[in-house]
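**Student:** What follows is the residue order along each chain.
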Amino acid sequence: MFEALTFLQLQQYWWIIISLLGGLFVYIMFIQGGQTVLNQLSRNETEKTMLVNSLGRKWELGFTTLVLFGGALFAAFPLFYATSFGGAYWVWMVILFCFIIQAVSYEYRKKPDNVLGQKTYEAFLYINGSLGVVLLGIAISTFFSGADFALDDNNFVHWQGGARGLEALLNPMNYLLGFALLFLVRIAAGMYFISSIDHAPIEAKARTMIKRNIVWFLPFFLGFVAWIFLKDGFAYDAATKTVSMVPNKYFWNFIEMPVVGIMFLAGVVMVLLSVFNTVFRGKSCCAWTNGVGIVLTVMAVLLAVGFNGTAFYPSTHDLQHSLTIENASGSLYTLTVMSYVSLMVPFVLAYIAYAWRAMDRVKITEDEINAPDAHNY
Amino acid sequence: MLYETAASVDWARAQFALTAIYHFLFVPLTLGLSFIVAIMETLYVRTNDPQWKRATKFWMTLFAINFAVGVATGLIMEFEFGTNWANYSWFVGDIFGAPLAVEGILAFFMESTFFAVMFFGWDKVSKGFHLLSTWLVAVGSNLSALWILVANGWMQYPVGMAFNPDTARNEMANFWDVILSPVAMSKFLHTISSGYVIAGLFVVGISGWYLLKNRDTLIAKRSMVVGASFGLLVSLFLALSGDESAYNVAQKQPVKLAAMEGLYKGETRAGIIAFGILNPDKELGDDRHEFYGDIEIPYALSFLGYHDIDAFVPGLDDLVYGNEKHGIEPAQARIDRGKTAVAAFKEYKTAVKAGDEAGAAEARTVLEANIADFGYGYLDKPEDIVPPIALTFYSFHVMVGLGSWFILLFLALLYLTMANEITRFRKLLWLAIWSIPLGYIAAEAGWIVAEVGRQPWAVQDLLPVGIAMTDISSSSVQTTFWMFAALFTALLVAEIKIMLRQIKIGPDGGDH
Chain A
1 MFEALTFLQL QQYWWIIISL LGGLFVYIMF IQGGQTVLNQ LSRNETEKTM LVNSLGRKWE
61 LGFTTLVLFG GALFAAFPLF YATSFGGAYW VWMVILFCFI IQAVSYEYRK KPDNVLGQKT
121 YEAFLYINGS LGVVLLGIAI STFFSGADFA LDDNNFVHWQ GGARGLEALL NPMNYLLGFA
181 LLFLVRIAAG MYFISSIDHA PIEAKARTMI KRNIVWFLPF FLGFVAWIFL KDGFAYDAAT
241 KTVSMVPNKY FWNFIEMPVV GIMFLAGVVM VLLSVFNTVF RGKSCCAWTN GVGIVLTVMA
301 VLLAVGFNGT AFYPSTHDLQ HSLTIENASG SLYTLTVMSY VSLMVPFVLA YIAYAWRAMD
361 RVKITEDEIN APDAHNY
Chain B
378 MLYETAASVD WARAQFALTA IYHFLFVPLT LGLSFIVAIM ETLYVRTNDP QWKRATKFWM
438 TLFAINFAVG VATGLIMEFE FGTNWANYSW FVGDIFGAPL AVEGILAFFM ESTFFAVMFF
498 GWDKVSKGFH LLSTWLVAVG SNLSALWILV ANGWMQYPVG MAFNPDTARN EMANFWDVIL
558 SPVAMSKFLH TISSGYVIAG LFVVGISGWY LLKNRDTLIA KRSMVVGASF GLLVSLFLAL
618 SGDESAYNVA QKQPVKLAAM EGLYKGETRA GIIAFGILNP DKELGDDRHE FYGDIEIPYA
678 LSFLGYHDID AFVPGLDDLV YGNEKHGIEP AQARIDRGKT AVAAFKEYKT AVKAGDEAGA
738 AEARTVLEAN IADFGYGYLD KPEDIVPPIA LTFYSFHVMV GLGSWFILLF LALLYLTMAN
798 EITRFRKLLW LAIWSIPLGY IAAEAGWIVA EVGRQPWAVQ DLLPVGIAMT DISSSSVQTT
858 FWMFAALFTA LLVAEIKIML RQIKIGPDGG DH
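So the sequence lines, in the order shown, correspond to chains A and B.
Sequential numbering of the first sequence, starting at 1, is according to this note's numbering.
Sequential numbering of the second sequence, starting at 378, is according to this note's numbering.
Treat the hints as calculated values from the structure; they're not laboratory data.
None of these values were measured; they are calculated from a predicted model.
Incorrect hints may appear among the rest.
As the list claims (entries may be wrong) - Stretch by stretch, here's where chain A covers chain B in the computed footprint (C-beta under 8 Å, at least three residues):
| hint | segment |
| --- | --- |
| 1 | 452 to 464 |
| 2 | 537 to 551 |
To be verified - Cross-link-like lysine-lysine pairs, in silico, DSBU-like; alpha carbons within 35 Å at most:
| hint | chain 1 | residue 1 | chain 2 | residue 2 |
| --- | --- | --- | --- | --- |
| 3 | A | Lys283 | B | Lys504 |
| 4 | A | Lys110 | A | Lys205 |
| 5 | A | Lys110 | B | Lys723 |
| 6 | A | Lys110 | B | Lys881 |
| 7 | B | Lys723 | A | Lys241 |
| 8 | B | Lys881 | A | Lys48 |
| 9 | A | Lys110 | B | Lys504 |
| 10 | B | Lys430 | B | Lys598 |
| 11 | A | Lys231 | A | Lys283 |
| 12 | A | Lys119 | B | Lys430 |
| 13 | A | Lys110 | B | Lys874 |
| 14 | A | Lys119 | B | Lys726 |
| 15 | B | Lys730 | A | Lys110 |
| 16 | B | Lys598 | A | Lys363 |
| 17 | B | Lys804 | B | Lys504 |
| 18 | B | Lys730 | A | Lys211 |
| 19 | B | Lys504 | A | Lys363 |
| 20 | B | Lys504 | B | Lys590 |
| 21 | B | Lys434 | B | Lys598 |
| 22 | A | Lys110 | B | Lys726 |
| 23 | B | Lys730 | A | Lys231 |
| 24 | A | Lys48 | B | Lys501 |
| 25 | B | Lys430 | A | Lys363 |
| 26 | A | Lys119 | B | Lys881 |
| 27 | A | Lys283 | B | Lys501 |
| 28 | A | Lys241 | B | Lys598 |
| 29 | A | Lys48 | B | Lys723 |
| 30 | B | Lys726 | A | Lys363 |
| 31 | A | Lys241 | B | Lys874 |
| 32 | A | Lys205 | B | Lys501 |
| 33 | A | Lys48 | B | Lys730 |
| 34 | A | Lys119 | B | Lys874 |
| 35 | A | Lys110 | B | Lys598 |
Stated by the list, open to error - Reference listing, derived: stretches of chain B covered by chain A, where coverage requires no fewer than 3 residues with Cβ under 8 Å from a Cβ of chain A:
| hint | segment |
| --- | --- |
| 36 | 775 to 789 |
| 37 | 875 to 881 |
Ideal Cβ placement from N, Cα and C applies to all residues, glycine included.
Let's have the full structure, built from the sequences with the hints guiding it.
**Tutor:** Here you go:
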C-alpha cells in the first residue's frame, strides 16, 4: 500500500501526522492550562482537589503525546530531532525540567510524608503549566523566526553562539505564540472543567476565567497571525534545492493551499464559537468542539510551515542549511515501515476516546472526592 | 575525536548514565508490580473475596507512587538522545527512532489511558472492564520496555541497515532484522524478568514486614504466596535468559565477555570465576596474574559462551593484539580498515561535490569494502576497544551472585508460607526485607555490565561515544548534570518517604 507512494508523498504523509500530533498535543495541554488556574478557580481545599483530580486523570495522556511527538519526529525527521534538541540545548532542557516536576506532582501532592510539601508540588504544577507552555510556544515559533545553526558535511549540527537556543527569548515576536498558547490552554482547561466537574461554584468561576482569558488570547493570537502573514517566509525551491526569503510566504501558503486555509479558518471559528457558547450561552458541552478547533488550527499552522515549498526549520546562520521535510526526513524504507505502524493511530485514538467517555460519563462531585476509599491526587 | 574534549564526552556519558540509573530504579518495579496487581485483581474478580480487593488496592497505591518518577525519567532519556547525542541521533536516527515511535503509539498510550481507569474507575466502569484495564496497563508497560530494549539491542548488535554516504547516516534496510535480532529479544526477556524479580522481592519483603509486626497477616500471607511464586518462576527464567544473554555476548561482543570475566589470556575449557579479586596493577599484554585470589568453576565459561566445554574463549589480550592460532586478528587491523573507510567517505563527499563520478564510485567501493569497521576509524589505539574492566567484572559477579540468592529466597519463602510456618522464621523474614535493595543492586549491576561493558561504543563497531555526542561545551552538560542529579535525588527521597509511610499505613489506610 504505502510502497506505491513516492518518497515525497511519504514525507508529506509524515508531516501531516506530525502536524496532527502537534495539534493533539496543544489540545491536551489543557492539563497545563488547568494547572495555572487551580487557586483561581477554587475557594477551598476540596474544590482544589476536585480540579487536581480532574486534570490528574488525564496528565499521563499529555505526557504520552509529548513522548510520541518526540518519537515520531525522531523516526520521521531525524535531522530535525538532532538539530533542534542538540542545538537549542538550553531551551529544551528547561522545557524538560518543567515536565519532570509535573510528573510526580499529582501523585505526591497530598500523600503524607511527601517531604517537599503540598505547596511545592502545586508550585511545580504552576511552573509546568506556565513556563513549560510559554517556552514550548517560543520553541515552535522558531519555525517562523529561524534558529542559529549550521550543518556540516555529515549533517552534524553546530550551534552558532553560546546561548544554545535561549537567544530565541530575545526575539519579542516569539512571545506572541508563547503567550497565545498559554491563554488558549487556559481557555481549554476551563471548558474541560465545566464538562467534567459537577460543582456550580467551580463552573461559574471557570466561565469567568474563560471570558478573561479570551481577552488576553486574542491580541497575542492575532498578533502572531499578523506577524507570520506579513513577514518574509523561508521558501524552498525543490528544483534548485535552495532556500530564499519570499515576502508574505506564509500568507500565500494558506491561499495557495485552500484546504489548509479553510482548516485554519474553521479551527479558529470553532474555538471562538465554543468560547461564545460557553461564556454567553451557558453551555457546558464545548470542550470537544473547542478541542477539534484547536487541533485544526494547529495542524493548519504546521502544514503551512512544512508544505508548499517551505523550509520548516530555517537556519538564520545560513539559509541553505535550513531544514525542509525533504532533507530532514528518514529514508524511504523507514518512512514506509513507519507508515504501516501509523495505521494503528485511529485504533489508539478510538480506545482513548472510549476510555475517556467511560470515565467522564459521571462527573466528579464533592461526595466522590470525600469518599473514604477514594484515590485522590 | 571530532570536536570535543574527553571531558565533554565524559559529562555527556555521566548525565545519560545518571538518568538511566534513576530510570532503572523505578521502571523495573513498575514492570513487575503491574502484573502482580493484575494477578491479585483477577483473584478478586474470580473469588469475589473483598480481601483480594484490599490487597489489589494496596499494591496498586504503591505501584502509582513508583510509576510517576519512572515516567518522568523516561521522558528525559528520550530527549537526551537529541540533546546530548545529536550526532548519534542523525547517524542512526533512521533506525533507532522507529522503535521509539512505535513505543509511543502502541505502548505508552495503552499504559496511560488505562492507568486512569485502573485508579479512578473502580465505581465508574464494570468489574470486567476494570480488570481488563489493569491487565492492559501491565501489558502496555511491558510493551514499552520491549521497544526501547529492541532499540538498545540494536545498539549492541547493529543489524538490518546500510550506510548511505549521500546522507552520511545508517539507514534501515530490514525492519524485521532490527526487531527480531536475537540480541534484542534476549535483552528484552532478561531485562523484564529482572524487573519481575524486583517486584517479587518488593512484595515478599513488605509482606515479611507485616508478618514480623503481626499485622494485616491475611493479606501479607496471600501477598507472600503471590510474590514468592511469581518471583520464583521469574528468577528461574532470569537465570535461563541470562545464559542466553551471555551466549549472545560471546558471539557478538567478545570484548565485553572477556571484561565480564577478567579474562586476559584466552583459554580453551575456560572456567567462570565464582569469586575473585582483580589485580589492579594488571595491564593488557603483561604477564601479571589477573587476580589476587579466585575460585573458578571449570569449563563453565566455555559452555556459557559457546555451549561447548572445549571451546576457546578469547581474552582481552587476544582481542586487542590478535591470536593467530585461533584466527583472531589484532584490533589494529580493524582500526586500519576503519581509517580507510573514513578516508574513503571523505573522498566520496569531495568527489560528489566536484561532480567527479568516477572518483565517487571508486571511493564508494573502498568505503563499502571497509564499512563494517567504520567506527574503528575514530579510535586512536587498539587498547581503546577495552571497556573499564573492574567495573564490568564486579558488576557481573554481583548480578550473578544475587540472582542465585533470590532463587533460594523465593523457594524458602514459598515453601514455608504454603506450610503455614513462615511466621516462625523471623530471620528469613528480615532477609526478605533486606533483599529488596539487593534486587535493585542486581538490576543496576546488570545495566552496568550491558552499558559500560560495550564502551567505547555508542553503536557497537560503528560509532564511538566521542563522535556520537552533541557539539556542546562540557560546562553546559555539567550544569544540567547537576540540575538533574539534584532533582532526581530529591524525587527519590520523596518517593522513599512516601512509600515507607504508605506501607506503615497499610492496606486499611486507603489512599491519603
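**Student:** Are the hints correct? Go through all of them and say.
**Tutor:** Now for the hints, and whether the structure bears them out:
1. Residues of the segment 452 to 464 of chain B lying with their CB closer than 8 Å to a CB of chain A number 11, which satisfies the three-residue condition for coverage.
2. Coverage of a stretch by a chain is defined here by at least three residues with a beta carbon nearer than 8 Å to that chain's beta carbons; for the segment 537 to 551 of chain B and chain A the count is 7, and the condition holds.
3. For the hint linking A/Lys283 to B/Lys504, the alpha-carbon distance of about 33 Å falls within 35 Å, and the restraint holds.
4. For the hint linking A/Lys110 to A/Lys205, the alpha-carbon distance of about 24 Å falls within 35 Å, and the restraint holds.
5. Between A/Lys110 and B/Lys723, the direct Cα distance comes to roughly 59 Å. Violation of the 35 Å bound is thereby established for this hinted pair.
6. Pair hint A/Lys110 plus B/Lys881 holds up; C-alpha atoms about 16 Å apart against a cutoff of 35 Å.
7. Between B/Lys723 and A/Lys241 the alpha-carbon distance is near 22 Å, which keeps this suggested pair within the 35 Å criterion.
8. Distance check on the hinted pair: B/Lys881 and A/Lys48 sit about 27 Å apart at the alpha-carbon level, within 35 Å; holds.
9. Restraint check: the Cα-Cα separation between A/Lys110 and B/Lys504 comes to about 28 Å, which is no more than 35 Å; the hinted pair holds.
10. Between B/Lys430 and B/Lys598 the alpha-carbon distance is near 15 Å, which keeps this suggested pair within the 35 Å criterion.
11. Restraint check: the Cα-Cα separation between A/Lys231 and A/Lys283 comes to about 39 Å, which exceeds 35 Å; the hinted pair is violated.
12. Only pairs whose Cα atoms come within 35 Å are accepted, and A/Lys119 paired with B/Lys430 is accepted, the gap being roughly 33 Å.
13. The straight-line distance between the Cα atoms of A/Lys110 and B/Lys874 is roughly 13 Å, inside the 35 Å bound, and the hint therefore holds.
14. Of the supplied pair hints, the one linking A/Lys119 and B/Lys726 is violated, its CA atoms being roughly 58 Å apart against a limit of 35 Å.
15. Restraint check for B/Lys730 and A/Lys110: the C-alpha separation of about 63 Å exceeds 35 Å, so the hint is violated.
16. Only pairs whose Cα atoms come within 35 Å are accepted, and B/Lys598 paired with A/Lys363 is rejected, the gap being roughly 38 Å.
17. Restraint check for B/Lys804 and B/Lys504: not satisfied, since their Cα atoms lie roughly 40 Å apart, outside the 35 Å limit.
18. Between B/Lys730 and A/Lys211 the CA atoms are separated by roughly 59 Å; this puts the pair beyond 35 Å, and the hint is violated.
19. As the CA atoms of B/Lys504 and A/Lys363 are separated by approximately 19 Å, the hinted pair is consistent with the 35 Å bound.
20. Distance restraint check for B/Lys504 and B/Lys590: the Cα-Cα separation of roughly 33 Å lies within the 35 Å cut-off, and the hinted pair is therefore satisfied.
21. Distance hint between B/Lys434 and B/Lys598 is fulfilled; the C-alpha atoms sit about 16 Å from each other, no more than 35 Å.
22. Among the hinted pairs, A/Lys110 with B/Lys726 is inconsistent with the structure: their alpha-carbon atoms are about 60 Å apart, more than 35 Å.
23. In summary, the hint linking B/Lys730 to A/Lys231 is supported, as the alpha carbons are separated by about 34 Å, within the 35 Å threshold.
24. The straight-line distance between the Cα atoms of A/Lys48 and B/Lys501 is roughly 22 Å, inside the 35 Å bound, and the hint therefore holds.
25. Pair hint B/Lys430 plus A/Lys363 holds up; C-alpha atoms about 24 Å apart against a cutoff of 35 Å.
26. Between A/Lys119 and B/Lys881 the alpha-carbon distance is near 24 Å, which keeps this suggested pair within the 35 Å criterion.
27. Restraint check for A/Lys283 and B/Lys501: satisfied, since their Cα atoms lie roughly 24 Å apart, inside the 35 Å limit.
28. The suggested pairing of A/Lys241 with B/Lys598 is violated, with an alpha-carbon distance near 70 Å, which exceeds 35 Å.
29. Proximity of A/Lys48 to B/Lys723 is assessed by CA-CA distance (about 62 Å); at most 35 Å being required, the pair is judged violated.
30. For a cut-off of 35 Å, the pair hint linking B/Lys726 to A/Lys363 is broken: about 63 Å separates their Cα positions.
31. A C-alpha spacing of about 58 Å is found between A/Lys241 and B/Lys874, which places the hinted pair above 35 Å, so the restraint is violated.
32. Using a Cα cut-off of 35 Å, the hinted pair A/Lys205 and B/Lys501 holds, with the two alpha carbons roughly 27 Å apart.
33. The hinted pair formed by A/Lys48 and B/Lys730 fails the criterion: a straight-line CA distance of about 63 Å is larger than 35 Å.
34. Pair hint A/Lys119 plus B/Lys874 holds up; C-alpha atoms about 17 Å apart against a cutoff of 35 Å.
35. A threshold of 35 Å between alpha carbons decides the hint, and for A/Lys110 with B/Lys598 the separation of about 30 Å falls inside it, so the pair holds.
36. As drawn, the segment 775 to 789 of chain B meets chain A at 0 residues by the rule of a beta-carbon pair under 8 Å; below three, the given contact is violated.
37. Remark: the segment 875 to 881 of chain B is confirmed as covered by chain A, as 4 of its residues place a Cβ nearer than 8 Å to a Cβ of that chain, reaching the required three.
Violated hints for the displayed structure, listed by number in ascending order: 5, 11, 14, 15, 16, 17, 18, 22, 28, 29, 30, 31, 33 and 36.
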